[in-house]
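Student: Single-letter residue listing:
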Amino acid sequence: MIPLTHFLVVGACLFAIGLYAVLARRNAILVLVGIELMINAAILNLVAFGRYDKTMYGGQVFALFAIVLAAAAVAVALAIILNVYKFYRSVNPEDIKNLKD
Amino acid sequence: MNITALVFYVFATLAIGSALLLVSMRNIARSLFLFFIVLFSVAGLYVFALADFVAITQILVYVGGVLILMLFAFMLSNKELLNDLQIGTSHFFALPTWQSLVIAVSFLAILVYTSLQLGADEPGWIAASREAGTVLTPTDQTIQHIGVQIMTRYLLPFEIVSVLLMMALIGAAHLTRKEATS
Amino acid sequence: MPTTALTYPLLAALSAVLLPFIGFLLSAALGKHVRNGAISISAISLSLLAACYAFAQVWNQAPVHIQWHWFTIGEQAFHVGLLLDNIAVLMLVLVCVIALPVHIYSAAYMKGDPGIHRYWTYLSLFCFAMLGLVVADNLLLMYICWELVGFASYLLIGFWFTRDSAVQANKKAFIVNRIGDIGFLIGIGIVYSHLGTLDTGTLISTPETLPAPWLTVAGLAFFLGAMAKSAQFPLHVWLPDAMEGPTSVSSLIHAATMVAAGVFLLARLFPVFNETVLLVIATTGAVTAFVAAYFALTQYDIKKILAFSTISQLGFMMVGIGIGMYPVALFHLVTHAFFKCLLFLCAGAIIHEMQHVKETHALDIDPQDIRNMGGLRKHMPLTFATMLIASLALAGFPFTGGYLSKDALLVHTFEWAALQSGAAKLIPYVLVIVSMLTSFYILRLLANVFFGSLSNPLAKNKTHIHEAPMTMLIPMLFFAGCSLFPLFSVNPLNDGHVWLMQGLTTTVSTLPPLRLLHLVIPLLTTGVTGIVAVIIWHWYVNGKYPLKTNGLLYRLSQHQGYLDVLYNVAIVRPIVRLSHLLLWVDYHVVDGTVNGLAALGRSLAATAAWIDQRLVDGLVRLVGKIAWGLGHIFRRLQTGGVQRYFATLFLVILVILLYHIVVLL
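Residue numbers (numbering that gives the first Met the number 0), protein chains in the order written: chain A, 0 to 100; chain B, 0 to 181; chain C, 0 to 664.
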């Protein structure tokens with residue numbers, strides 16, 4: 000079927016793209032998207048390796064967990080972003096740099 | 000090359016291309032829709048990795064949950080936030096800052112290189128499982144086995160994840176409730 | 000042998016010396032309250048009594064000597080003591096006998112002077128020092144009294160210190176005397192190094208302990224000291240200028256006593272001088288006598304004539320020492336003391352009256368200039384009489400004491416010259432010529448002052464010149480009596496019976512006598528004096544002076560041989576220039592070095608300050624700046640920007656991964 004490296008390479012690309020999004024974008028939502036991309040890349044990795052694990056299905060089970068956790072993270076992150084926006088009037092991560100008084 | 004590989008490549012290209020577009024677009028709304036496409040493509044890739052349940056879960060949770068949540072949060076926020084979220088900086092395509100590009104490219108290089116190395120000489124356990132015949136085949140019933148594994152071997156992580164979900168729920172609810180005028 | 004018990008003669012001598020010192024201290028302590036000279040006069044009268052007593056006890060007896068230990072340096076002990084022998088007691092009495100009348104005279108002469116308290120103080124100091132000098136028994140004590148006498152002279156010459164001429168004169172006197180004192184000190188040094196003691200008695204008895212060259216040098220050194228003090232040529236230049244002091248001072252110090260101190264010293268240390276030194280002494284004395292008499296011929300100031308006369312007579316005394324007959328020299332010293340002192344006192348009386356004339360008629364004349372005087376014989380008869388006696392004594396006219404001493408001197412000089420060879424044979428002839436010149440100048444003085452008439456017509460008519468007051472006259476009369484022969488010898492014409500010389504001659508070798516000279520010399524001198532008197536009468540009294548007054552010889556005499564000018568140009572000015580040079584050196588080189596060092600120190604300090612400020616502080620601040628700079632750099636890490644943190648994080652992970660890949664594979 001599809002060799003392992005193909006999946007890994009695709010995952011690597013997605014990860015790099017997500018990393019770039021996290022580092023370079025000035026919008027918090029997009030940073031969140033970048034994080035999601037990275038998580039997706041990781042899950043792809045898990046699944047790719049999970050093909051060789053029939054006894055324990057470890058790769059796929061943990062992929063499921065990862066998806067769930069990613070969802071939870073998104074929920075909380077969005078809540079935080081909305082709250083932060085209320086205070087700072089901006090979603091640019093660079094503007095959010097004051098420590099709590 | 001056969002049709003499987005071709006389809007795989009299509010899905011891969013779709014995923015990566017959409018991701019690239021996604022990170023370079025100015026318009027957030029459009030980025031989110033592109034993200035939608037990425038998620039679908041990745042779900043397709045999961046299928047090729049013989050993880051069909053994960054693919055379905057991806058679509059259900061990610062696309063149907065996370066993405067929708069993002070869209071809702073994005074669309075249904077107040078106007079200023081919408082405007083701010085929409086506008087961003089003046090250019091349509093954000094200029095990539097070279098430091099992050101360098102880091103991303105370096106990571107890509109390293110990861111690709113490692114992956115290729117991995118492909119060159121397989122890790123021991125993969126070879127062992129191949130010999131032992133425990134490699135997944137397309138005709139396996141993954142759902143059933145996953146369910147069994149979750150309930151027996153991975154019970155603890157399962158419960159913890161559910162607790163964690165509950166925490167996230169409560170936390171998000173608390174964070175977003177309206178403050179009493181103080 | 001020095002005794003340790005104070006016998007009466009010693010006590011008398013000691014009190015004679017110390018009484019004027021007590022007078023000095025009292026006068027100095029009382030300061031301005033001393034108006035009359037009661038303290039000083041009573042002190043000197045008591046001194047005179049004590050001196051007479053000591054004389055009576057010691058004359059022609061064994062010498063008396065006492066010594067006390069004074070101080071010790073290391074292992075050398077120095078003593079102070081009194082030595083009374085014939086010479087000492089003679090001088091003791093002489094000084095007191097001269098000093099007392101002069102004190103009395105001064106009371107009248109200096110009356111009304113605002114500084115008179117200083118006068119009595121200094122006069123007492125001088126008497127103390129002079130008396131100390133004659134009884135001192137060692138060279139150190141003698142030197143101290145020598146210096147004190149010079150110092151008292153300095154004080155008294157500059158008595159009217161507001162006058163610039165007086166100040167210059169006393170400076171000159173002191174400095175020229177200093178030159179002589181160097182000689183005295185050198186002599187002391189040589190004696191001490193060879194003999195180990197400064198005792199004069201030891202020195203006189205054993206002069207041969209000094210090796211031959213050193214003996215000559217020591218003799219010359221002591222003679223140098225006497226040269227300056229007794230105004231021998233060429234160190235005589237201070238004495239004419241010393242006439243700036245009061246006339247009574249001139250009479251006591253610069254005629255009778257202080258200037259005689261040099262002769263006294265040579266007489267005291269006579270055994271020390273060998274043939275060479277004695278010849279030098281005689282030659283110097285002869286030259287001095289001639290030169291001074293030559294200068295006296297044309298002087299106009301009455302006191303200067305007398306000053307040069309003193310120098311000339313001192314030259315005579317030096318010749319007396321040089322020929323080996325110091326008793327003759329001392330005899331001449333005694334007679335000279337009387338008649339020269341008298342001459343000065345008379346001159347003082349005359350000047351006093353001329354000053355009175357000047358003030359009454361508001362004339363612009365010098366009261367001491369003989370050209371302004373004349374015809375005073377009628378107004379001041381007693382002064383004229385005493386001055387005449389004194390002049391005759393100076394000229395060596397028979398029946399005076401001066402005749403005896405000069406005659407003795409001339410004869411003995413001829414006797415000595417007979418044994419000599421070469422130029423020394425000329426010395427007696429020089430002295431004869433000097434005697435003639437002496438007659439000339441003193442008779443010239445008499446003629447100008449007492450005969451003729453006052454040159455100023457104004458003063459001639461309404462003049463009120465009267466005789467000197469009694470207080471001044473009595474001392475003058477006393478000295479006039481002493482100038483005549485009875486004091487010295489029963490026989491007025493023969494010097495063989497002079498008791499003074501007989502007392503002193505016992506220790507001196509006599510020269511083979513030339514009996515004929517005792518007749519020739521007096522006849523010659525008396526005859527010449529008579530001829531000179533006639534000439535003087537013709538020239539000065541009758542006013543028929545035939546010679547030119549601007550010839551070279553005349554001018555040479557009047558300007559004192561231009562010696563003062565010579566000294567000024569050759570010695571004074573170079574020394575002043577040298578002192579200016581040294582001042583320049585001191586200011587620029589020495590001070591310059593010091594200032595240079597200070598500047599160097601300052602520049603070093605400035606450099607150190609710069610280093611401290613720039614380098615050291617800079618170093619410290621550099622540390623601070625580095626910390627700040629590093630902090631400033633690292634501050635940028637803490638931007639608060641999450642993405643920056645992320646980037647850093649991933650960068651580090653990248654590096655670790657690279658490391659793992661590159662190094663470990």
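Worth flagging that the hints you see were computed from the coordinates, not collected in a lab.
Among the hints, a few may not be true.
As the list claims (entries may be wrong) - Below, a list of computed lysine to aspartate or glutamate pairs in the EDC-like style, where the Cα atoms sit at most 20 angstroms apart: (1) C:Lys377 to C:Asp363; (2) A:Lys53 to B:Glu121; (3) A:Lys53 to B:Glu130; (4) C:Lys31 to C:Asp112; (5) C:Lys110 to C:Asp563; (6) C:Lys303 to C:Asp163; (7) A:Lys85 to B:Asp139; (8) C:Lys357 to C:Asp368; (9) C:Lys377 to C:Glu466; (10) A:Lys53 to B:Asp51.
What the hints assert, rightly or not - Here are a few chain B residues that face chain C, going by a calculated C-beta distance under 8 angstroms: (11) Trp97; (12) Ser99; (13) Ile102; (14) Ser105; (15) Leu115; (16) Gln143.
Because the structure is a prediction, the values reported are computed rather than measured.
Here a beta-carbon is modelled for each residue, glycine too, at the ideal position from N, C-alpha and C.
Student: It remains to establish, for every hint, whether it holds in the given structure.
Tutor: Against the structure, the hints:
1. For a cut-off of 20 angstroms, the pair hint linking Lys377 (chain C) to Asp363 (chain C) is broken: about 24 angstroms separates their Cα positions.
2. The suggested pairing of Lys53 (chain A) with Glu121 (chain B) holds, with an alpha-carbon distance near 17 angstroms, which does not exceed 20 angstroms.
3. A hinted pair counts as satisfied when its Cα atoms are at most 20 angstroms apart, and Lys53 (chain A) with Glu130 (chain B) qualifies at roughly 12 angstroms.
4. Taken as a hint, the Lys31 (chain C) and Asp112 (chain C) pair is honoured in the structure, with Cα atoms around 12 angstroms apart against an allowance of 20 angstroms.
5. Taking the CA atoms of Lys110 (chain C) and Asp563 (chain C), the gap is near 34 angstroms; set against the 20 angstroms cutoff, the hint is violated.
6. The straight-line distance between the Cα atoms of Lys303 (chain C) and Asp163 (chain C) is roughly 18 angstroms, inside the 20 angstroms bound, and the hint therefore holds.
7. In summary, the hint linking Lys85 (chain A) to Asp139 (chain B) is not supported, as the alpha carbons are separated by about 51 angstroms, beyond the 20 angstroms threshold.
8. With a C-alpha separation of about 12 angstroms, the suggested pair Lys357 (chain C) and Asp368 (chain C) falls inside the 20 angstroms cut-off, and the hint holds.
9. The hinted pair formed by Lys377 (chain C) and Glu466 (chain C) meets the criterion: a straight-line CA distance of about 10 angstroms does not exceed 20 angstroms.
10. At roughly 14 angstroms between alpha-carbon atoms, Lys53 (chain A) and Asp51 (chain B) fall within 20 angstroms of each other, so this suggested pair holds.
11. Evaluation of the Trp97 (chain B) hint against chain C yields a violated restraint, the C-beta minimum of about 11 angstroms exceeding 8 angstroms.
12. Nearest Cβ of chain C to the Cβ of Ser99 (chain B): about 6 angstroms, under the 8 angstroms cut. The hint holds.
13. Given hint, Ile102 (chain B) at the interface with chain C, holds; its Cβ is 5 angstroms from that chain's nearest Cβ, closer than 8 angstroms.
14. Interface restraint check: Ser105 (chain B) against chain C, minimum CB-CB distance 5 angstroms, threshold 8 angstroms, status holds.
15. Given the 8 angstroms rule on beta carbons, the hint for Leu115 (chain B) is violated: about 12 angstroms separates it from the nearest Cβ of chain C.
16. Below 8 angstroms, beta-carbon pairs count as interface contacts, and Gln143 (chain B) has none with chain C, the closest being about 39 angstroms; its hint is therefore violated.
Checked against the numbered hints given earlier, this structure breaks hints 1, 5, 7, 11, 15, 16; the rest are met.
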